[in-house]
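As a plain string of letters, each chain reads:
Number of protein chains: 4
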Amino acid sequence: MQERFLKKPLTGIIPPLVTPLADENSLDCPGLEKLIEHVLKGGVHGLFLLGTTGEGPSLSLKLKYQMVKRSSEIVNRRVPLLVGITDTSFAESINLAEHAAECGANALVLAPPYYFPPGQQELLEYFEHITPKLPLPLFLYNMPAMTKVNIDVDTLCKASEIDGVIGFKDSSCSMIKFHEYIAAMKDKTAFSLLIGPEELLAESVLFGGSGGIPGGANIFPQLYVNIYNAAKKGDITTILELQKKIFILRKLYSCGQYTSSLIKGIKCALNCLDICSSFMAEPFNAFGQKQSKEIIKILVELKLKN
Amino acid sequence: MQERFLKKPLTGIIPPLVTPLADENSLDCPGLEKLIEHVLKGGVHGLFLLGTTGEGPSLSLKLKYQMVKRSSEIVNRRVPLLVGITDTSFAESINLAEHAAECGANALVLAPPYYFPPGQQELLEYFEHITPKLPLPLFLYNMPAMTKVNIDVDTLCKASEIDGVIGFKDSSCSMIKFHEYIAAMKDKTAFSLLIGPEELLAESVLFGGSGGIPGGANIFPQLYVNIYNAAKKGDITTILELQKKIFILRKLYSCGQYTSSLIKGIKCALNCLDICSSFMAEPFNAFGQKQSKEIIKILVELKLKN
Amino acid sequence: MQERFLKKPLTGIIPPLVTPLADENSLDCPGLEKLIEHVLKGGVHGLFLLGTTGEGPSLSLKLKYQMVKRSSEIVNRRVPLLVGITDTSFAESINLAEHAAECGANALVLAPPYYFPPGQQELLEYFEHITPKLPLPLFLYNMPAMTKVNIDVDTLCKASEIDGVIGFKDSSCSMIKFHEYIAAMKDKTAFSLLIGPEELLAESVLFGGSGGIPGGANIFPQLYVNIYNAAKKGDITTILELQKKIFILRKLYSCGQYTSSLIKGIKCALNCLDICSSFMAEPFNAFGQKQSKEIIKILVELKLKN
Amino acid sequence: MQERFLKKPLTGIIPPLVTPLADENSLDCPGLEKLIEHVLKGGVHGLFLLGTTGEGPSLSLKLKYQMVKRSSEIVNRRVPLLVGITDTSFAESINLAEHAAECGANALVLAPPYYFPPGQQELLEYFEHITPKLPLPLFLYNMPAMTKVNIDVDTLCKASEIDGVIGFKDSSCSMIKFHEYIAAMKDKTAFSLLIGPEELLAESVLFGGSGGIPGGANIFPQLYVNIYNAAKKGDITTILELQKKIFILRKLYSCGQYTSSLIKGIKCALNCLDICSSFMAEPFNAFGQKQSKEIIKILVELKLKN
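Heads up: the protein sequence lines correspond to chains L, U, R and V, in order. Going letter by letter, the first sequence gives residues 1 to 306 in the numbering used here. Going letter by letter, the second sequence gives residues 1001 to 1306 in the numbering used here. Going letter by letter, the third sequence gives residues 2001 to 2306 in the numbering used here. Going letter by letter, the fourth sequence gives residues 3001 to 3306 in the numbering used here.
Source of the hints: derived by calculation from the structure; they are not laboratory data. Just so you know, not all the hints are guaranteed correct.
To be verified - Below, in silico cross-link-like pairs of lysine to any residue (SDA-like), each with a Cα-Cα straight-line distance of 25 Å or less:
1. R/Lys-2251 - L/Asn-226
2. L/Lys-232 - R/Ile-2176
3. V/Lys-3177 - U/Lys-1034
4. U/Lys-1062 - L/Tyr-126
5. R/Lys-2232 - R/Leu-2273
6. V/Lys-3245 - U/Lys-1148
7. U/Lys-1034 - U/Lys-1069
8. L/Lys-177 - R/Ile-2248
9. R/Lys-2232 - L/Lys-148
10. V/Lys-3245 - V/Gln-3257
11. V/Lys-3245 - V/Lys-3186
12. R/Lys-2148 - L/Ser-172
13. R/Lys-2251 - L/Ala-286
14. U/Lys-1007 - U/Ala-1159
15. V/Lys-3177 - U/Gly-1234
16. L/Lys-297 - R/Val-2225
17. R/Lys-2158 - V/Lys-3148
18. R/Lys-2062 - V/Asn-3025
19. V/Lys-3148 - R/Gly-2119
20. U/Lys-1133 - L/Tyr-126
21. L/Lys-303 - L/Asn-226
22. L/Lys-148 - U/Asn-1226
23. V/Lys-3007 - V/Gly-3104
24. V/Lys-3186 - V/Cys-3173
25. V/Lys-3297 - U/Ala-1183
26. R/Lys-2251 - L/Tyr-126
27. U/Lys-1233 - V/Lys-3232
28. U/Lys-1177 - R/Gly-2119
29. V/Lys-3233 - U/Leu-1006
30. U/Lys-1297 - V/Lys-3245
31. U/Lys-1244 - V/Lys-3188
32. L/Lys-7 - L/Ser-26
33. L/Lys-177 - R/Val-2225
34. L/Lys-148 - R/Ile-2176
35. V/Lys-3245 - U/Asn-1226
36. L/Lys-133 - L/Gly-208
37. U/Lys-1244 - V/Lys-3133
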């Protein structure tokens, strides 16, 4: 039944939702509700929970399960709900997948196990072993900066033949690789090719991609929906206009000195917009006053704040 | 009480025990018992569970908890028991630490959370936040190939001041870095500096290290105990003799084509020696017949098999 | 005088010419002439000598000087001639620059010295020191895969203020970085931003880039000129059509197993098209029969050969 | 004739001489003389010109040739003279080798061409092609941080079979790799295995290495000669004492913020000791007053200065 709800290929903007936290081990539930309503109001085409931006790997099992359940209730089938089940443990991925299905999620997202990096053949076998045990259709997720392994074009081609694998999210940050994936999958018209980095969203859609999973859509969902629509129409003028705003917004991601600044920046911006808490799961801490001021300036520049 | 059992600094050979598996989600309990007896008979000075060699991150919570409990019962306080609690989730690390303490473990081992790589300051704060919540003394664990972050010398110095941090395992594979750690910690005589890679065990002890955590000690514990003792005495002749055997044994680790070959090789060798199952947790598979034959040859060369 | 010939910004397709070799230390002069005529006939907007594709660093000084002189005579000011002067020695770069000016070249191209990698501040000072000593305008060249250092956005901004620096070639293969360069340089309308990898040519021009330096234009210059023109007009349909051919042509680059396959593939294809020798400078060898056959197939697929 | 002068295997301490510069393109000849006398007085077993520490790749051909000639005259066959001929151009390497032979050098040192990284098979063929054209015996030089390629154990084994290849310098900084080289070459008793990083000098000799090429021996040659002798005798107590000093001296290398700090630190220290100029070849600049003060403190701590 869930499957029927899910258009094939899944297209458009599917924000990787941050996980609003009240404290170390509990959800900011009012914040989560506000966040989901904020994002849906922006016209997005789906939601992705427990990804990198969602701090999925940093959350306890209890918190992951709760996030899925609560989000599913709030979304209430208004858009497709994708749940990240990436885990270094095979069994825990399956357990979470089952929970997601019970909660009414529509699809799963799975990156390679991220401790001991597998070879391509091992990776393919892993996908072959796990997919049949999953209760929902699956998007594979390429995230080499975190998993230390790329899903090669050839591995994707073979994995896309597995019954149940319906799409791919590429966060390799390599547009050359994305062109390769597009070229390789060109005959599978029901297969969804989604891009991670928002800087590449417009061109990936121009060249045949299905859409994107932009972190910035937590903050400014319309911006990404609009650039997606412009790209679908081949409207370069509008794209260039909106691309400038995307490059303003991404300044939010470099207010701190570490790679964690990306998520810290999004959560801090959401807090400045009174949407949800900026609390970060360990090993990270929320931005302080200094960065908040910088972030407010950027939000003002984007006219998201006065 | 556990602490009193733990000599400070902890010295000698502490094998990183493999986790014998009967199948995907259950322990090979008879194998585990045989393995522990085999290793203890070799004269080792402690045991380390759920490390990299122990496939810790690949196991379900259920399996981790069971492995700790069962091992603790078998060891029965004959040697100190160290338990790896590395996890991308703060709460799950603490939960496992509490379970380990209840089971009678003596110390914990913690590598940085391994999905989103922290900066050095973030890493230090993480250690500062988690250590007070742990019921047992803590060894920090440097494993940059898996965690994507080095614990810098300066970070170690600061972290070693945290009450409860009693040692450090370095698997950076950089002997230059290990010399730096030795130089930096030279006044903390109760602090334990253990080396991961067995190829560097002898020299690390010659230059002031406390001992090692050699994967090969699952198979041939005496070899590592003997080279440790020779190094403590500065007996170069014996070291050179034993070092040759270490370089024969490590051929076990390169029978396959992927990095997983290290663990696959150890488990396959243990199976060839009738000690325990060679079953691997996902995303890996046990070596097949071809590699088993190579492995038997190496075991014969080491006189561990006829 | 040379400067007046050089449109600012320089735009369009400027192939990085291969260096046709008769043997280890001499030019294939008839091949060079055929190659230049072949490429000019394709409508290119300039030529770039002694780059990575030109095996610049592998050639003796004698050969470099000869290549510049002979090419300049053949081109005879029909298009602007850019000469790579990248060298680990400051003095040799200047010497070659002077030779290029004497031969009638129009601009120089300089990547960072590629042995000991400089920091960004060191790199900037290097550009500041060398530019005033050069007799021709300068393009900076970002080639981190070879030089081990990226020219950061901030460094480019500062370096673009140096009198004489008129453009930038980016071969980082990162489209995200290229967007950053475009954003940073948007007010310098006379500054040229050229992209290296041909897979990214169309989109770089769509988003405001000045053109490209595609290796494949040695073989099929019109293809790149056409996609450049389509991108200038925002003609997505044509772009998508031509992009497919670019992805066929690049199969030429992966017929061997090493990174050198890129240049070997181009030279082998040129040889198959009876344009010039496939001889490679050390440490590389020309492709053999096996790869030639593959390459001919690809040329047939592209209708460059019957 | 030169060969007879060269003991096989070459053993001991062979400092990689810095190249004292008066300005951008001329030698500091009095400084060079003082430096060579200083180093020879320290009891070293040979000299290595134009390596990484010697800024070989940064020098013009003219300067390289002059450095070889002048050094050879000063050394006057008191110790073996090794000359680095590493170049991205095959022909220039051979030209420099011939010049070195004419000047009376005793051996050559060659790292892989360092622009376009070759595969292992290409690398081996390169060594096979160049060695017969060289007038002097050859040491191969592994310097992956600069050349982007490791000389694998297997490649070394094969290359060591080439007539004329008599030794190997390993600057991989991996002691595990060095153990592998030792194990692989154990039957070739006339083959020299020299280590680059001085932090690993003692242990490399303890385990069978032939000696080292420590940059710090420009400043404090006796220290390295003494630790080499102690290691030859297996005198651990003395080694530990001297190793402490080596770790004080290496603080000289981290006074600046870039990797160039190593060479800058050595040249600055030599200048503080009134031995030679601290002038650096482009793209680097000499340390200023701030770093000089730090460096003097370290020299005082080492009792090399009052």
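Checked hints:
Between R/Lys-2251 and L/Asn-226, the direct Cα distance comes to roughly 35 Å. Violation of the 25 Å bound is thereby established for this hinted pair. Our distance criterion of 25 Å between C-alpha atoms is met by L/Lys-232 and R/Ile-2176, whose separation comes to about 20 Å. The hinted pair formed by V/Lys-3177 and U/Lys-1034 fails the criterion: a straight-line CA distance of about 34 Å is larger than 25 Å. Taken as a hint, the U/Lys-1062 and L/Tyr-126 pair is honoured in the structure, with Cα atoms around 21 Å apart against an allowance of 25 Å.
Proximity of R/Lys-2232 to R/Leu-2273 is assessed by CA-CA distance (about 30 Å); at most 25 Å being required, the pair is judged violated. A hinted pair counts as satisfied when its Cα atoms are at most 25 Å apart, and V/Lys-3245 with U/Lys-1148 does not qualify at roughly 32 Å. Distance check on the hinted pair: U/Lys-1034 and U/Lys-1069 sit about 16 Å apart at the alpha-carbon level, within 25 Å; holds. Only pairs whose Cα atoms come within 25 Å are accepted, and L/Lys-177 paired with R/Ile-2248 is accepted, the gap being roughly 15 Å.
Between R/Lys-2232 and L/Lys-148, the direct Cα distance comes to roughly 38 Å. Violation of the 25 Å bound is thereby established for this hinted pair. Between V/Lys-3245 and V/Gln-3257 the alpha-carbon distance is near 22 Å, which keeps this suggested pair within the 25 Å criterion. Between V/Lys-3245 and V/Lys-3186, the direct Cα distance comes to roughly 31 Å. Violation of the 25 Å bound is thereby established for this hinted pair. Restraint check for R/Lys-2148 and L/Ser-172: satisfied, since their Cα atoms lie roughly 20 Å apart, inside the 25 Å limit.
Between the alpha carbons of R/Lys-2251 and L/Ala-286 the distance comes to roughly 47 Å, so the proposed pair goes past 25 Å and is violated. Using a Cα cut-off of 25 Å, the hinted pair U/Lys-1007 and U/Ala-1159 holds, with the two alpha carbons roughly 20 Å apart. Taking the CA atoms of V/Lys-3177 and U/Gly-1234, the gap is near 23 Å; set against the 25 Å cutoff, the hint holds. A distance of roughly 43 Å separates the Cα atoms of L/Lys-297 and R/Val-2225; the hinted pair therefore is violated under the 25 Å criterion.
Between R/Lys-2158 and V/Lys-3148 the alpha-carbon distance is near 29 Å, which puts this suggested pair outside the 25 Å criterion. Taken as a hint, the R/Lys-2062 and V/Asn-3025 pair is honoured in the structure, with Cα atoms around 20 Å apart against an allowance of 25 Å. For the hint linking V/Lys-3148 to R/Gly-2119, the alpha-carbon distance of about 17 Å falls within 25 Å, and the restraint holds. Our distance criterion of 25 Å between C-alpha atoms is broken by U/Lys-1133 and L/Tyr-126, whose separation comes to about 36 Å.
With a C-alpha separation of about 16 Å, the suggested pair L/Lys-303 and L/Asn-226 falls inside the 25 Å cut-off, and the hint holds. Our distance criterion of 25 Å between C-alpha atoms is broken by L/Lys-148 and U/Asn-1226, whose separation comes to about 36 Å. Taken as a hint, the V/Lys-3007 and V/Gly-3104 pair is honoured in the structure, with Cα atoms around 16 Å apart against an allowance of 25 Å. Proposed proximity of V/Lys-3186 and V/Cys-3173 is supported: the alpha carbons are some 20 Å apart, at most 25 Å.
Our distance criterion of 25 Å between C-alpha atoms is met by V/Lys-3297 and U/Ala-1183, whose separation comes to about 19 Å. The suggested pairing of R/Lys-2251 with L/Tyr-126 is violated, with an alpha-carbon distance near 29 Å, which exceeds 25 Å. Only pairs whose Cα atoms come within 25 Å are accepted, and U/Lys-1233 paired with V/Lys-3232 is accepted, the gap being roughly 17 Å. For the hint linking U/Lys-1177 to R/Gly-2119, the alpha-carbon distance of about 23 Å falls within 25 Å, and the restraint holds.
At most 25 Å may separate the alpha-carbon atoms for a hinted pair to count; V/Lys-3233 and U/Leu-1006 exceed this at roughly 37 Å. A C-alpha spacing of about 45 Å is found between U/Lys-1297 and V/Lys-3245, which places the hinted pair above 25 Å, so the restraint is violated. For the suggested pair U/Lys-1244 and V/Lys-3188, the alpha carbons sit about 16 Å apart, so the restraint of at most 25 Å is met. For the given pair, L/Lys-7 sits about 33 Å from L/Ser-26 by alpha-carbon distance, which is inconsistent with the 25 Å threshold.
For the proposed pair L/Lys-177 and R/Val-2225, the alpha carbon gap of about 23 Å is at most 25 Å, so the pair holds. Distance restraint check for L/Lys-148 and R/Ile-2176: the Cα-Cα separation of roughly 20 Å lies within the 25 Å cut-off, and the hinted pair is therefore satisfied. Between the alpha carbons of V/Lys-3245 and U/Asn-1226 the distance comes to roughly 30 Å, so the proposed pair goes past 25 Å and is violated. Taken as a hint, the L/Lys-133 and L/Gly-208 pair is broken in the structure, with Cα atoms around 31 Å apart against an allowance of 25 Å.
Between U/Lys-1244 and V/Lys-3133 the alpha-carbon distance is near 37 Å, which puts this suggested pair outside the 25 Å criterion.
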